[in-house]
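K.L.:
These are the residues of each chain, in order.
Protein chains: 4
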Amino acid sequence: MTLSRRYTLTLSCPDQVGIVAAVSGFIAEHGGWISEARHHSDEDAGQFFMREEVLADSLPFDLETFRQKFAPVAERFSMTWKITDNARKKRVVILVSKQEHCLYDLLGRWQSKDLDIEIPCVISNHETFRSFVEWHGIPFHYVPITPENKAAAYGQIMSLFEGAEGDVMVLARYMQILSGEMCERYLGRIINIHHSFLPSFVGAKPYHQAFLRGVKLIGATCHYVTADLDQGPIIEQDVVRVDHSDQPVDLVHYGKDIEKAVLARGLRYHLEDRVLVHGNKTIVFR
Amino acid sequence: MTLSRRYTLTLSCPDQVGIVAAVSGFIAEHGGWISEARHHSDEDAGQFFMREEVLADSLPFDLETFRQKFAPVAERFSMTWKITDNARKKRVVILVSKQEHCLYDLLGRWQSKDLDIEIPCVISNHETFRSFVEWHGIPFHYVPITPENKAAAYGQIMSLFEGAEGDVMVLARYMQILSGEMCERYLGRIINIHHSFLPSFVGAKPYHQAFLRGVKLIGATCHYVTADLDQGPIIEQDVVRVDHSDQPVDLVHYGKDIEKAVLARGLRYHLEDRVLVHGNKTIVFR
Amino acid sequence: MTLSRRYTLTLSCPDQVGIVAAVSGFIAEHGGWISEARHHSDEDAGQFFMREEVLADSLPFDLETFRQKFAPVAERFSMTWKITDNARKKRVVILVSKQEHCLYDLLGRWQSKDLDIEIPCVISNHETFRSFVEWHGIPFHYVPITPENKAAAYGQIMSLFEGAEGDVMVLARYMQILSGEMCERYLGRIINIHHSFLPSFVGAKPYHQAFLRGVKLIGATCHYVTADLDQGPIIEQDVVRVDHSDQPVDLVHYGKDIEKAVLARGLRYHLEDRVLVHGNKTIVFR
Amino acid sequence: MTLSRRYTLTLSCPDQVGIVAAVSGFIAEHGGWISEARHHSDEDAGQFFMREEVLADSLPFDLETFRQKFAPVAERFSMTWKITDNARKKRVVILVSKQEHCLYDLLGRWQSKDLDIEIPCVISNHETFRSFVEWHGIPFHYVPITPENKAAAYGQIMSLFEGAEGDVMVLARYMQILSGEMCERYLGRIINIHHSFLPSFVGAKPYHQAFLRGVKLIGATCHYVTADLDQGPIIEQDVVRVDHSDQPVDLVHYGKDIEKAVLARGLRYHLEDRVLVHGNKTIVFR
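Chains as they are written, first to last, in this note's numbering: chain A, 1 to 286; chain B, 1 to 286; chain C, 1 to 286; chain D, 1 to 286.
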């Protein structure tokens, strides 16, 4: 059931003839076995995107050497690129407030190794989940947020995230608006779950807005956080059917199921390096 | 496979104790056999909604007598109500422009009797579908719309609709904005299919808007037409998954499938008297 | 956000004229306020099914008196019926083996009060989840099952269930086949989640079967347990899309999300007395 | 809105190092611009699958020359391969009986050019749709099937198909079982829509079977026809929710919507050379 160790190469560059040939030629020349590959050309933007998985054992060198040897190819095509090793677990820092559904869901997936990650710590503006988190053997940090202490509090969170060598920060229904500085510094590394089918019902109380409009489906949206509230690149969305008999409290209830499912899928795509960002949109090589 | 003849009673009134007892008592007293029943209480609004189907043969009188005898019950509870006979086919007038997917879909359902309706005529601002419609034995009326002739043209459409004794007008991707007067006069009787998951992407070119925002699902919305564009009570909605590789032309393509499916479902609910309107929302007793 | 206290009356009886009138007349006569009602006539079987919610405060007597006073009505129509009080939390005993996804999901819903139930104990044939369950303050019973001790083990489980005054037993991916005696004794009170879209892929390793057949959707089924393995009345089902790139291990992964969602929905319908069983089928008044 | 002309190369071969490099190297060497690419490795089977779209204008030669020049590459890797030109419309022969929903749907898509195909003829064992088909300017052939004339009738259908230079034969609810010879001769070129979510409810009257089992979702399956009834490789499937109130006649009704949607999607994948068959399964590069 265990998959073999893989390197994942992701890149984007201005589109032109010969990119695939150059990349796959490089890999083949060193005996690399490509186990999965996806390309996408954005013809309007003239931009090319690629993701390839290579069996680690098929290459005669390590990632450091790969990076050195591949650099000239990347330079020739002006690539933005990276290569990661799936043997190194990503470090996911979870931020949470008082709702547990996403937290339970993520810790359950971590516990069962369905999400093969490290969770170096959980950070919250409430003490609510300390003992639950600590029972899992995961450090819990209480960082209260008040109108007065925001700068200091966000500074503390950034320290904790960097001290934990976090790769990605997950806002698991974290009910605070991050500072612009923080959004900027970790661009493409903070994932939020919004409780509506964006762009419908931006802002506060989306389920209440949905109830008032009388929609027949409600949804959730997993997106990267940017300084523009609820406007970041969308990674994943889904919906569930509701009807006239559902009160706002019912919408909240159904919504939780969609929120945790959509967050889990979006996070997984990110962790497996399946998401490339271009402008305010994502390419998701599922 | 044929269902027996039924009367369908729909009503709404201020909620209070004893409504169901009074209605079902009245029906039982006359030997009426209730084959399907749905109630809904809107507790915030204090309003009660009901739909009951009664086997026509179980009652000793016709609809006219039913209406007379039931009137005192209705008055006692200040009901807004009606009763219809499913043996009388509803008369559906279709308005169409240049896209055929909804028209083909509706005529196919009519042809196969899946939609057991009369289509007294099709009205269009283009000649495109004349021969296709006429081949089905259905009259086709060409009513061009220009910026100058709008009042006259809508007057002509209203004449045609009333001359055809239309029960409901279906905008099957009819790319014109109806006059406020027309919306007002046929309130609750004009059904539109909008090519987005409202309230997202109101107005023109919703698929293009969806493409620019990078959403992962697109949808369609069937709603009653009101004077506020795209703001009327929603009857039915659905969505379909798209991804980064889909261009606006692909979204249009997938969207058509959702549009015709959602329009067909919404229209069916309306034709079977399953939709009650309250303010800007619908109760749909599916 | 809290809903008022309600009594829920569910019944079925041979269909005839006057049932709704008799029931709603009885309720109205005592000032009972019906907040939700659903009926269903199975015309082939000639059987009628009803569920009504009545606001507890609108009635001048308690449930015991209701039962006495309603008995003659029930008798007149040969009803099978019961009435429950949503102020009394149902007692749910969970059986689990070594997979945690359903257990985490159910305990998370219990913790957040999204499922407003008592969990008097968790029973398992493995020690795996003892400390996790006990951390929640819920007793954990280890009842190993071997080919030799089955009769004794199931006897012990029945004792634990009855000692806990369990209302319903949930098999949350409990990988043992219950004894016929146990299925018989708790008919309609044991809920299982099967990891396929029944009736496809009955029996062992359904994800592997699905992989070999090359289906494009996989599913899960929540059903009442009967002595016929995987054949009991279906309460709820759902599916998720897969494709050629998904290995059995991926199907297991996606399947878990569907399993926990379907189990949670099916259990909720049962707990809210929305499920009536007729032969091998269910009426679910969602 | 029109896409540029493309060649589509599809191939499969035993998996080994260097396939992508060889193929993309060949294309790049001749200046070919790859606009879309998908690969898949079946690790169990040790088989590799690829689909690439190349902009026709970027290559300095035509398809015939491509085939000659590429042959040595194909031979080196023991490829099964083909290359097609999307400027040449595929020829789709439709077989139909007495149900119109799939026929209306396909002709509507053809009429609007959503399906950019030729329909050289429609063949039926009933005269029902002659005038509808002929109104579209499409030849209609009536080939009655009786227990006695089967061999002759299927011979006639094969003559018509070959006379029409058909690429693919679509069974649009054609209620006859094709001869083994015919299945064999056009393997991978006959597409059927089965009215159940296979492998559930194989054989006759699947909606009735679904009703009796009390499933909560019904579905449809688009698959290649093989000599084993309902056992061929699955191209596409989908489902729709039903409930206890739905009679078999309702299941048929909902089912039709799913049937036509699933058939249209499956056919499109086939026409765009997105489907590769391996054993009894498909790789669908959507």
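Each hint should be verified, as a subset may be incorrect.
[To be verified] Calculated from the model, a selection of chain A residues having no Cβ within reach of chain D, i.e. all distances over 12 angstroms:
#1 Val20
#2 Trp33
#3 Ser41
#4 His136
#5 Arg189
[Stated by the list, open to error] Capping the alpha-carbon separation at 30 angstroms, the derived lysine-lysine pairs in DSBU-like fashion look like this:
#6 Lys113/D <-> Lys150/D
#7 Lys281/C <-> Lys205/D
#8 Lys90/B <-> Lys89/D
#9 Lys205/B <-> Lys281/A
#10 Lys69/A <-> Lys98/A
#11 Lys98/B <-> Lys69/D
#12 Lys281/B <-> Lys205/A
#13 Lys69/D <-> Lys89/D
#14 Lys90/C <-> Lys98/A
#15 Lys113/D <-> Lys89/B
#16 Lys113/B <-> Lys113/D
#17 Lys205/C <-> Lys150/C
#18 Lys98/C <-> Lys150/C
#19 Lys98/D <-> Lys205/C
Hints were generated in silico from the structure; no laboratory data involved. Keep in mind it's a predicted model, so treat the numbers as computed, not measured. Note that the Cβ used here is the ideal one computed from N, Cα and C, for glycine as well.
K.L.:
Against this structure, judge whether each hint is valid.
P.N.:
Each hint tested on the structure:
1. Val20: violated, 4 angstroms
2. Trp33: violated, 5 angstroms
3. Ser41: For Ser41/A, whose nearest Cβ neighbour in chain D is about 5 angstroms away, the distance does not exceed 12 angstroms, so it is violated.
4. His136: holds, 34 angstroms
5. Arg189: Check passes; 29 angstroms lies beyond 12 angstroms.
6. Lys113/D <-> Lys150/D: Status violated; Cα separation ~35 angstroms.
7. Lys281/C <-> Lys205/D: Distance of about 19 angstroms is within 30 angstroms: holds.
8. Lys90/B <-> Lys89/D: violated, 42 angstroms
9. Lys205/B <-> Lys281/A: Holds - the C-alpha atoms of Lys281/A and Lys205/B are around 19 angstroms apart, at most 30 angstroms.
10. Lys69/A <-> Lys98/A: violated, 49 angstroms
11. Lys98/B <-> Lys69/D: violated, 46 angstroms
12. Lys281/B <-> Lys205/A: holds, 19 angstroms
13. Lys69/D <-> Lys89/D: Judged against 30 angstroms, a Cα distance of about 24 angstroms means the pair holds.
14. Lys90/C <-> Lys98/A: holds, 26 angstroms
15. Lys113/D <-> Lys89/B: violated, 34 angstroms
16. Lys113/B <-> Lys113/D: holds, 27 angstroms
17. Lys205/C <-> Lys150/C: holds, 22 angstroms
18. Lys98/C <-> Lys150/C: holds, 18 angstroms
19. Lys98/D <-> Lys205/C: Outside the cut-off at roughly 40 angstroms; violated.
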